[in-house]
Amino acid sequence: MQAAIRLARAASVREEVPVGAVIVADGDLLAEAHNETVQRRDPTAHAEMLALQRALQKAGADRLPFATMYVTLEPCAQCAGALVLAKVGRLVFGAYDGRCGMAGSVYDLLRHPRLNHRPEVVGGLLAEECGDLLKRFFQSRRATL
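The sequence shown begins at 1 in my numbering and counts up by one.
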């Protein structure tokens with residue numbers, strides 16, 4: 001999770017919402033990314049999506065059942081859906097997202113019983129530190145308006 005937090009800080013410096021994600025398998029780093037929605041002018045360029053794309057490319061696969069994603073914020077619907085489609089084995093996230101979180105906060109898409117894949121989900125790892133990054137980012141944005 002520390003690597004994901006480092007990436008979230010890098011996103012913040014680039015004026016991106018500070019979310020970072022890493023994907024590991026067997027102790028090896030497969031991919032890492034931070035939000036790039038502003039830079040790419042693409043609302044789908046979330047850290048989780050970019051990390052998934054890179055990990056799948058590196059693994060030469062279309063699924064990652066052997067992998068764990070660490071991300072600083074509970075995934076949104078888009079990212080949770082992608083985690084299910086990629087059949088990621090495990091998700092570990094930091095801060096809960098009461099507005100958009102799809103791993104239990106708003107809805108629990110990742111554990112929906114009708115889906116053909118349900119990753120193991122662990123939430124709240126270093127939640128305070130991850131949440132503080134987001135709070136500071138949005139406070140600074142509001143202060144400049």
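Quick caveat, the hints were computed from the structure, so don't treat them as lab data. Quantities reported herein were computed from a predicted structural model and do not represent experimental measurements. One or more of the hints may lead you astray.
Distance windows between CB atoms, simulated [what the hints assert, rightly or not]:
| no. | residue 1 | residue 2 | range |
| --- | --- | --- | --- |
| 1 | Gly27 | Arg99 | 20 to 26 Å |
| 2 | Pro65 | Asp132 | 16 to 22 Å |
| 3 | Phe138 | Pro65 | 21 to 27 Å |
| 4 | Val13 | Arg118 | 31 to 37 Å |
| 5 | Gly27 | His117 | 29 to 35 Å |
| 6 | Arg54 | Ala77 | 34 to 40 Å |
| 7 | Tyr107 | Gly60 | 29 to 35 Å |
| 8 | His117 | Glu15 | 33 to 39 Å |
| 9 | Gly60 | Glu128 | 19 to 25 Å |
| 10 | Gln57 | Cys100 | 23 to 29 Å |
| 11 | Asn116 | Val38 | 31 to 37 Å |
| 12 | Leu125 | Cys100 | 31 to 37 Å |
| 13 | Gly98 | Arg63 | 16 to 22 Å |
Quick reminder that beta carbons are idealized off the backbone N, C-alpha and C, glycines included.
Against the structure, the hints come out as follows:
One distance hint, 20 to 26 Å for the beta-carbon pair Gly27 and Arg99, is violated here, with the actual separation near 34 Å. About 33 Å separates the C-beta atoms of Pro65 and Asp132, a value inconsistent with the hinted range of 16 to 22 Å. In this structure, Phe138 and Pro65 break the distance hint of 21 to 27 Å, their C-beta atoms being roughly 35 Å apart. A hinted range of 31 to 37 Å for the beta carbons of Val13 and Arg118 is consistent with their spacing of about 35 Å.
Judged by the Cβ atoms, the range 29 to 35 Å given for Gly27 and His117 is violated: they are separated by roughly 23 Å. Take Arg54 and Ala77: their Cβ atoms lie about 21 Å apart, and the range 34 to 40 Å is violated. Taking 29 to 35 Å as the suggested C-beta distance range, the pair Tyr107 and Gly60 conforms, at roughly 33 Å. Taking the beta carbon of each, His117 and Glu15 are about 35 Å apart, inside 33 to 39 Å as hinted.
The hinted range of 19 to 25 Å is not satisfied by Gly60 and Glu128, whose Cβ atoms lie roughly 38 Å apart. In this structure the hint that Gln57 and Cys100 lie 23 to 29 Å apart at CB holds, the actual value being about 27 Å. At roughly 34 Å, the beta-carbon separation of Asn116 and Val38 lies within the given 31 to 37 Å, and the hint holds. Take Leu125 and Cys100: their Cβ atoms lie about 19 Å apart, and the range 31 to 37 Å is violated.
Distance hint for Gly98 and Arg63: a CB-CB separation of about 30 Å, inconsistent with the stated range 16 to 22 Å.
Of the numbered hints listed earlier, those contradicted by the structure are 1, 2, 3, 5, 6, 9, 12, 13.
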